[in-house]
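As given, the protein sequences belong to chains A and B, one line each in that order. Quick note on numbering: the numbering used here labels position 19 of the first sequence as 118, and the sequence is numbered without any gaps. Quick note on numbering: the numbering used here labels position 581 of the second sequence as 583, and the sequence is numbered without any gaps.
Derived by calculation from the structure, the hints in this document are not laboratory data. It cannot be assumed that every hint is accurate.
Okay, the calculated bits of chain A under chain B, using three or more residues with CB under 8 Å as the criterion [to be verified]:
no., region
1, 254-263
2, 285-298
3, 331-339
Backbone N, C-alpha and C define an ideal beta-carbon position, used for all residues, glycine too.
Spelled out, the chains give:
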Amino acid sequence: MIDSDVPIINSKLLREKIQENSIRIIDVRREQEYQQGHITNAVNLPLAKLLADDSSESIQKIAQDLGISDETPTVIYDDTFGALSSRVVWALQYIGHVDVKLLDVTFSQWTDLGYEISTEVPKIEPAIHSVKINSEIMATAEYLEKVKENKNVVIIDNRERLNYLEQHIPGAINIPYRTLATEGKIIRTKEGMKTLLKNRGISEDAEIITYCGSVGTLSGLAYYALKSIGVQNVKLYVHSFKEWKSLEKPIVKQENANYWDLSAE
Amino acid sequence: MAQQLRPSKPADKQSKIDWSRRQEAENFAETVKLFRQGKINDDMFRRYRLQHGAYGTRMTDDYAMVRIKVPAGQIYPYQLEKIAQLSEMYSIGSAHFSTRENIQLHWVILEDVSEIMQSLADVGMTSREACGNSVRNVMCSPMSGVCKDEIFDATPYALAIARFLLRNPICQALPRKFKFNFTCCEKHGMIRIVDVGLLPQIQEINGEKRKGFKIFLGGGLGNRSFVGHQLEDFTPVEDLLYTSMAVIRIFDRMGDRKNMSRNRMRYLVNDLGWEKFQNLVLKERSVVKATQSVIVKLNLDDSVNEIQRPISITDESASVPDGYARWEKTNVEKQSQSGFNSVFIGLEAGDITANQLRSVAEIIRDYSAEGFARNGFSQNIVIRYVHDDDLKSMYSKLLETGLAKTGSLTMASAVGCSGTTSCNLALTNSHRLAKEVQRKFLELNFDEDDDLKDSTIKISGCPNSCGQHQIATIGFYGGGGRHGTNMFPNYTMSLGGKFDEDTMLGHHTTRVPVKRIIPVILKIIELFKENKQSDDTLAKWVDRVVNGNESSKITGVEDIKKALAPLIVPPNIEDEPDFYMDYGSDTNYHTVTGKGECAA
Ligand code: HEM
Ligand code: SF4
Numbered sequence: 100m101i102d103s104d105v106p107i108i109n110s111k112l113l114r115e116k117i118q119e120n121s122i123r124i125i126d127v128r129r130e131q132e133y134q135q136g137h138i139t140n141a142v143n144l145p146l147a148k149l150l151a152d153d154s155s156e157s158i159q160k161i162a163q164d165l166g167i168s169d170e171t172p173t174v175i176y177d178d179t180f181g182a183l184s185s186r187v188v189w190a191l192q193y194i195g196h197v198d199v200k201l202l203d204v205t206f207s208q209w210t211d212l213g214y215e216i217s218t219e220v221p222k223i224e225p226a227i228h229s230v231k232i233n234s235e236i237m238a239t240a241e242y243l244e245k246v247k248e249n250k251n252v253v254i255i256d257n258r259e260r261l262n263y264l265e266q267h268i269p270g271a272i273n274i275p276y277r278t279l280a281t282e283g284k285i286i287r288t289k290e291g292m293k294t295l296l297k298n299r300g301i302s303e304d305a306e307i308i309t310y311c312g313s314v315g316t317l318s319g320l321a322y323y324a325l326k327s328i329g330v331q332n333v334k335l336y337v338h339s340f341k342e343w344k345s346l347e348k349p350i351v352k353q354e355n356a357n358y359w360d361l362s363a364e
Numbered sequence: 003m004a005q006q007l008r009p010s011k012p013a014d015k016q017s018k019i020d021w022s023r024r025q026e027a028e029n030f031a032e033t034v035k036l037f038r039q040g041k042i043n044d045d046m047f048r049r050y051r052l053q054h055g056a057y058g059t060r061m062t063d064d065y066a067m068v069r070i071k072v073p074a075g076q077i078y079p080y081q082l083e084k085i086a087q088l089s090e091m092y093s094i095g096s097a098h099f100s101t102r103e104n105i106q107l108h109w110v111i112l113e114d115v116s117e118i119m120q121s122l123a124d125v126g127m128t129s130r131e132a133c134g135n136s137v138r139n140v141m142c143s144p145m146s147g148v149c150k151d152e153i154f155d156a157t158p159y160a161l162a163i164a165r166f167l168l169r170n171p172i173c174q175a176l177p178r179k180f181k182f183n184f185t186c187c188e189k190h191g192m193i194r195i196v197d198v199g200l201l202p203q204i205q206e207i208n209g210e211k212r213k214g215f216k217i218f219l220g221g222g223l224g225n226r227s228f229v230g231h232q233l234e235d236f237t238p239v240e241d242l243l244y245t246s247m248a249v250i251r252i253f254d255r256m257g258d259r260k261n262m263s264r265n266r267m268r269y270l271v272n273d274l275g276w277e278k279f280q281n282l283v284l285k286e287r288s289v290v291k292a293t294q295s296v297i298v299k300l301n302l303d304d305s306v307n308e309i310q311r312p313i314s315i316t317d318e319s320a321s322v323p324d325g326y327a328r329w330e331k332t333n334v335e336k337q338s339q340s341g342f343n344s345v346f347i348g349l350e351a352g353d354i355t356a357n358q359l360r361s362v363a364e365i366i367r368d369y370s371a372e373g374f375a376r377n378g379f380s381q382n383i384v385i386r387y388v389h390d391d392d393l394k395s396m397y398s399k400l401l402e403t404g405l406a407k408t409g410s411l412t413m414a415s416a417v418g419c420s421g422t423t424s425c426n427l428a429l430t431n432s433h434r435l436a437k438e439v440q441r442k443f444l445e446l447n448f449d450e451d452d453d454l455k456d457s458t459i460k461i462s463g464c465p466n467s468c469g470q471h472q473i474a475t476i477g478f479y480g481g482g483g484r485h486g487t488n489m490f491p492n493y494t495m496s497l498g499g500k501f502d503e504d505t506m507l508g509h510h511t512t513r514v515p516v517k518r519i520i521p522v523i524l525k526i527i528e529l530f531k532e533n534k535q536s537d538d539t540l541a542k543w544v545d546r547v548v549n550g551n552e553s554s555k556i557t558g559v560e561d562i563k564k565a566l567a568p569l570i571v572p573p574n575i576e577d578e579p580d581f582y583m584d585y586g587s588d589t590n591y592h593t594v595t596g597k598g599e600c601a602a
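Working from the sequences, and respecting the hints, build out all of it.
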């Protein structure tokens, strides 16, 4: 659809292409929100449905039910700062879908721009989609444990600072998901993203593994933030910290400080 | 298109002064890199970092605390929104309002500090010289300009001094930190516990009225505290800058650069004796005046602030929200301008979430006729120029976001320094303790008790006094106690501190285990209630007690000690394990401290 390696689409561009019926736009909000208005032509896929079973067969079925064939250009958005939509983009890429893009704004930002919305629900013709697992983009606990000491590997924890301080995977560094956004967009400018990595001393040539609390949403956003500047080797530890803990893998904690008591939550 | 029913809000008021310098952010990033590569040594880096407003953090080199200066406490809605965003991006999702009108972001990754500095520059703010041996944030009473007892508004002078001294070469390598406080009146400021404290005065000379200040020098709290001395009867505003420069130059020349633990100017004053120091300052001032090759003047902007009540959004038919009377009584101060009020927003130990910051910004826009807010002296925010008719509606708005805590102007709003939440030198979790005390007071409705209104509780996590415990009616600083082989957090309590015209440091009374602090405070209040005179307040009563002027059953500190003694006996650890744990911790207490930087 759009000739770029970066799996992110600019809202202005989508708006121009919106009438091209070949594009499948997916709205990852709850059904009720979707019904009250969505980007014109979008279909609904509540994230819960994907998370209920995220085996490749299940993702394949979801894609087919949404009328997505191997060639269908697909664009995904949410209203949760891009974290849920990222997770869906990633799932499609994981089963080998190539032409799928993350919309660079949330639904609210789209409406703030004054762009069209609609309550019409498009008719869906089911399609056939193959499964060609793209294992490059996924990290398992086992894999992470194996490579985490490697010099060229950087593990990024995208949870909020206090959660990270409380416990994290040994060696992981913290980039809270809020750090990734910018005014009016779900991901920083390319320049801003590069500066962040440069300040943190993270090489764009590193192998980067992102994780968050439980299902790979916040870290999914980080995954695409890294992709936005062309970082080649990024993997999502999709089952994230929840699984890591349940497997009783090693955890580190920032000791001897009562940082939680600084929070006004 | 439908006609717009309400005119849109006027544009935000903008700060008249841009305190930032963007280049500093890039330099900071570069310097951090060189430091990490080992190309700059620890000491040099620390000095540089502090000069730029980034403190170290408890038990780690990875994090910093960024102290954002708010000169004269004047803060604008768009600045609060920026800080909200920064707290989510780079900190813990909450920010902290300090006792010196700074706003602090904790647990920031050192490598991210430069990004914060960049963003601060977008809204004209800086952290430059917020820490280290420099002139720290210049404070001004949050009531300046609206106080009923003030002679004139000191704010323009505070801003002009801050502007003159920021990045000024004469302030870049002082022996130690240096603090200025301006006030409106004796009651609302803290002019005798800083290096230079200033109280507006007017003197009539030959029928001509002249503005000036009473200036107090050499005060300060810390491991050893001193009360400031008055320089002269009256210092005309024309001499404000010369006097300030004279004092700074003397301190720079004669201050102790070796002995880090006693090099604040107050020690110099104490060593020389006040009269000698006073003479030096007066002489130096004549030298400064006489040798200026060009006339140095303060860049004073005393144009009148525009006061314009925002479009009324008050719904006359709305019912009075629950709890309004209590809130108004304990959080609202009438201004000298009739019809207008200053509303104090109480926070727990100065902490506020990002969303609350955003809502404060909105509330300022909707309710303040001056269009900005002031940081208070006790970890709070003051929104001024709120019209009588808008108070109820504003209260409802505050309620929605948990900002309508009562008791801001009362003893209930306890102050607590960072303590073990982030400070390297801390021995106890003073921060959480202050929150616990406040919660208890509000639960007991003590904020409504007029007898307690003018008293204060302030808590530090070690003897360094960041929580200003020595000027509290009841103050505490943290330490460790031992019972057998087990340690527990043990605070030293001082009574009778004051920061008004009779500024006095509290009397050390006794040590109190942390889990007994609330019972001890309640016991003191009980003793007061039993023995008070009819129109007494706790502060007055305590004052008489500590000075031996009380004639009831309690005649002095010894009697208080006796009454408290049974409360503070350590139990066996088996009987009460909780006694041996600090607040916010589920393991037995032990003391851990890192490298202190207060002298750096
Ligand atoms: C010997 C070392 C230190 C001394 C003597 C000292 C002194 C003070 C004093 C007297 C104040 C009260 C404000 C005033 O009235 O001047 C203050 C405030 C403060 N200081 Fe320190 N300080 C020291 C070290 C530190 C350190 C290591 C930290 C932690 C990074 C720190 C953090 C603070 C904070 C956060 C405040 C504002 C209080 C609040 O609202 O939380 N100080 N300091
Ligand atoms: S009083 Fe002590 S514990 Fe509290 S902030 Fe100051 S140095 Fe830290």
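Here is what the structure says about each hint:
no., hint, result
1, 254-263, "holds (count 3)"
2, 285-298, "holds (count 3)"
3, 331-339, "violated (count 0)"
This entry does not satisfy hint 3, going by the numbered hints stated previously; all others are met.
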